[in-house]
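Chemist: Listed below are the residues making up each chain.
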Amino acid sequence: MEKKSPIISIKNLHFTYPDGTVALKGVNLTIQEGESIALVGKNGSGKSTLIKHLNGIYQGDRGEITVDGLPVIEENLQTIRGLIGMAFQDPDNQLFCPTVYDDVAFGPINMDVDEMALHKRVQESLEKMGLMDLADCPSHNLSFGQQKRAAMATILSMRPKIMIFDEPTSNLDPKNEAVITEIIANLPYTRILISHDLPILYQVCQKVVVMDDGRIDAIMSMEDFITNRQLLRKNGLDFTFKCDCCNGHNHEHRHNQIEKKSLSF
Amino acid sequence: MKPDIDRYWRLESPIHSWDPRLKILTLIILAFSISSVHHISTAFGCLFISILILQLTKIPFSFSLKRLAAVTMFVGPFFLIMPLTVKAQSGDTIYFFTHLKFLEINTRGLLLAARVYLKAVSIVLLTVPMFGTNRFDISIKALERLKVPNSIIQMLLFSYRYIFVFLSELKRMSLAMKLRKFSPATNFHTLRTYGNFLGTLLVRSFERTEEVYHAMLSRGYKGILKIRFEYRAKAADFFKSSLIFMAIFGIIYFDRFFKGF
Amino acid sequence: MDKKKALIHLQNLSFAYPHAKQNALNGIDCKIFTHESVAIVGPNGAGKSTLANHLMGILLAQSGSVVIDEILVRPANIGYVRDMVGLVFQNPNDQLFCPTVREEIEFGLINMKLPSREIHDRVTESADIMNIGHLLKKPAHHLSGGEKKRVAIGAILAMRPKILIMDEPTANLDPYNEKVLTDLINSLSCTKIIISHDLPVLFQTCQRALVMVDGQIIRDFSMQEFMDDQDLILEHGLDFRFKCKCCKAIHPERFS
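Residue numbers (the working numbering), protein chains in the order written: chain X, 1 to 265; chain H, 266 to 526; chain C, 527 to 782.
Next up, chain X with everything else stripped away, as it sits in the complex (with noise of 0.2 Å):
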């Protein structure tokens, strides 16, 4: 069997901060394409620092990583961040242009996108997320969840091959955060998610990446993490005793109601 080369290698990555803080000590990780991997670990676990380092944000100081084959190098970084889409935690740090337009268009002129093409995607990732009717809006105007579908679009119109979430649901009302999950799911790229919010990562992960202290601490399917209640426990993803209110009811009709209803914004 030919073997598939990965889209992503990290090899024997460190990093330290500039103020001494040891952020990353040796993390190994390889991801192939298509995969959706669920990024878990405590606070200060080094999640953030990693990731940031796979678009050549951070720059580590011994090990190497690919992205696609290319190297994260200075003169790759252009090319680099045009396959990542990155969107960060708080969407007001991702929006900062006059219009919502504006800011989905942001990342494609960047990537000298020709003047038609342009248009299209704005328009085509505005309509997925159902922005459609808010493009001319200044993204201060929407609410909290449009702000994150306009990040998720600024995302979306630069076509990456990779998407990496940071608490893509956080403070989000439960519909809002049903419509994201939903759309995260069904997109058609290697995904990488960091949540605390083990239901959404179940929905949409095949596999768990575990980091401890700057490490990676374990690799394993979804189905194998969400049994390992110890492991669960470590990461303090522990989530039975949010369970205790879901009992009793009927699942399987409510279920297919909330597939119908997230389909319309």
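Honestly, the hints are just simulated from the structure, not real lab data. Fair warning: this is a prediction, and the values are worked out from it, not measured in the lab. For every residue, glycine included, the Cβ atom is placed at its ideal position computed from N, Cα and C. Warning: the hint list may mix true and false statements.
Taking lysine to any residue and the SDA-like style, the derived pairs with C-alpha atoms no more than 20 Å apart in a straight line are [claimed, not checked]:
no., chain 1, residue 1, chain 2, residue 2
1, H, LYS443, C, LEU640
2, C, LYS774, X, GLU182
3, C, LYS664, X, GLU182
4, H, LYS436, C, PRO544
5, H, LYS491, H, ILE403
6, C, LYS663, C, GLU629
7, C, LYS664, H, PHE462
8, H, LYS446, C, LYS664
9, C, LYS774, C, PHE729
10, C, LYS688, C, LEU710
11, H, LYS491, X, ARG121
Some chain C residues judged to face chain H by a derived CB distance under 7 Å, without partners named [as the list claims (entries may be wrong)]:
no., residue
12, LYS557
13, THR560
14, LEU613
15, ASP620
16, PHE623
17, CYS624
18, GLY634
19, ILE636
20, ASN637
21, MET638
The following residues of chain X were derived to be distant from chain C, with all beta-carbon distances above 10 Å [claimed, not checked]:
no., residue
22, THR30
23, GLN32
24, HIS119
25, ASN235
26, ASP238
Add chains H and C to chain X, keeping to what the hints say.
Modeler: For chains H and C alone, kept in the frame of chain X given last:
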């Protein structure tokens, strides 16, 4: 760029349709010529021209008034200080109180203060047609076309974006303090609180601006703002500029050769 | 008729933000009694935070009235209101600005001009309740999200408000810290108002639910009734049960 100065860029007016490069260049020259005015009567004329241009933009006057509040706070004290401090010259009218002989009120000082104030108001009002009638990024881009160095443009752009980050942090934190019953007094606790507050505010603003910068980098930002906008100067744009240049010559001519009233 | 005196009494409270097309609050009537724990639920933008801001005197009623412990909330009474009511912000970073956790908790107490002996006692007490005694000397800036949240609550708690309002207390926390916080909230004896759309957390901390939609309280009933009213939950986008698939996977035995 959270819009504030450009809140009304969607309106339609002769000023809005004016080519941003010519508009900014012309109005900046106008502002400089206003600042060179020596006579109070010319200063009144400048105020009139500024208000005229402002009215042409159709931007509600209340929006510009907010800007004036800041000027008044800054220049207002001049009205108190200058009459008391201006050196007497021959021909000055000086009032003094019979019991407080050292307190001389020089009316020329009052006139000087009024001139400074009128000029400041005229110039500040001009910033609204200058930067309020185009989207802020397009105005910035126009500066770039006018050969303003990239480093200055970057600074303008980021300080504009970050001032809003800073203000929103400031607002929330000071509310949280007020809710915990903080009221400033002249004591060590207040001083220390302000110190802590300022330190935290800076750290937080820095962290957020860093995150914004990372978000920009992630989407391929290379230090050059790419804006798709065709600047096209038509005859009408040059006509508008030449009208303003006529006003500029008028101002300077009147100010230098008529010596005011 | 209920003869008991209400701790919080809202009458026909309405409020609109400047330039807004719709009222953010639209004729709110409600009584909340001492020692109740009340959940305010509703989708994003329903007016929950606006309501909380009225209870703190951050916003003042445009029409109708807010009465807290029989005192009308108006500018002259703001000081009294803020003695009575404590608000914990959603983002603890908005609230924490002192160099150490101890100073953070002391801050409100110094503002209340309490004697230093009492300040010391209250800091100790509050730190015990919130389990942050070991953090007192640390800078709040470097704590984890869950610790920061506890410090933020502890700092408010030390001021001994009769009413504690918490805006999304479990936002951005991992399930472990959510659980820790939920248990801590349950151990507090003051009147509690919790704004959240995290139904599982509300279910464990509150007895009563006020459901807000479009600036109105559309339902006021017990938490249990609320959880059973599936149509209501579904209708207003509060259904969290897409998460239950995950619960099933964790505990197949419970859902067989």
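Chemist: Each of the hints needs a verdict: does it hold here or not?
Modeler: Hints versus structure:
A C-alpha spacing of about 17 Å is found between H:LYS443 and C:LEU640, which places the hinted pair at or below 20 Å, so the restraint holds. In summary, the hint linking C:LYS774 to X:GLU182 is supported, as the alpha carbons are separated by about 19 Å, within the 20 Å threshold. Distance restraint check for C:LYS664 and X:GLU182: the Cα-Cα separation of roughly 41 Å exceeds the 20 Å cut-off, and the hinted pair is therefore not satisfied. As the CA atoms of H:LYS436 and C:PRO544 are separated by approximately 17 Å, the hinted pair is consistent with the 20 Å bound.
Annotation: proposed proximity of H:LYS491 to H:ILE403 holds, straight-line Cα distance about 10 Å (limit 20 Å). Restraint check for C:LYS663 and C:GLU629: satisfied, since their Cα atoms lie roughly 9 Å apart, inside the 20 Å limit. Restraint check for C:LYS664 and H:PHE462: the C-alpha separation of about 17 Å stays at or below 20 Å, so the hint holds. Distance check on the hinted pair: H:LYS446 and C:LYS664 sit about 24 Å apart at the alpha-carbon level, beyond 20 Å; violated.
This hinted pair checks out: C:LYS774 and C:PHE729 have alpha carbons roughly 19 Å apart, not beyond 20 Å. Proximity of C:LYS688 to C:LEU710 is assessed by CA-CA distance (about 17 Å); at most 20 Å being required, the pair is judged to hold. Restraint check for H:LYS491 and X:ARG121: satisfied, since their Cα atoms lie roughly 17 Å apart, inside the 20 Å limit. A hinted interface residue such as C:LYS557 counts as satisfied when its beta carbon comes closer than 7 Å to some beta carbon of chain H; here the least separation is about 24 Å, so the hint is violated.
Interface hint status for C:THR560: violated, as the beta-carbon distance to the closest one in chain H is roughly 21 Å, over 7 Å. With a cut of 7 Å, the hint placing C:LEU613 at the interface with chain H holds, because the nearest CB-to-CB distance is about 6 Å. Interface restraint check: C:ASP620 against chain H, minimum CB-CB distance 4 Å, threshold 7 Å, status holds. The closest approach between the C-beta of C:PHE623 and any C-beta of chain H is roughly 4 Å, which is under the 7 Å cut-off, so the hint is satisfied.
Interface hint status for C:CYS624: upheld, as the beta-carbon distance to the closest one in chain H is roughly 5 Å, under 7 Å. At about 4 Å, the closest approach between the beta carbon of C:GLY634 and any beta carbon in chain H falls short of 7 Å, and the interface hint on this residue holds. Hint status for C:ILE636: holds, given a least beta-carbon distance of 5 Å to chain H, under 7 Å. Interface restraint check: C:ASN637 against chain H, minimum CB-CB distance 4 Å, threshold 7 Å, status holds.
Checking C:MET638 against chain H by beta carbon gives a least distance of about 6 Å; that is within 7 Å, so the hint holds. The beta carbon of X:THR30 sits about 26 Å from the closest Cβ of chain C, which is more than 10 Å, so the claim that it is off the interface holds. Non-interface call for X:GLN32 relative to chain C: holds, since the shortest CB-CB distance, roughly 24 Å, exceeds 10 Å. Distance check on X:HIS119: its Cβ is at least 30 Å (rounded) from any Cβ of chain C, clearing the 10 Å threshold; non-interface status holds.
Under the 10 Å C-beta cut-off, the non-interface status given to X:ASN235 relative to chain C is violated; the minimum distance is some 8 Å. Not every beta carbon of chain C lies more than 10 Å from that of X:ASP238, the smallest distance being close to 6 Å; the non-interface claim is violated.
In the structure shown, a violation is registered for the earlier hints numbered 3, 8, 12, 13, 25, 26, in ascending order.
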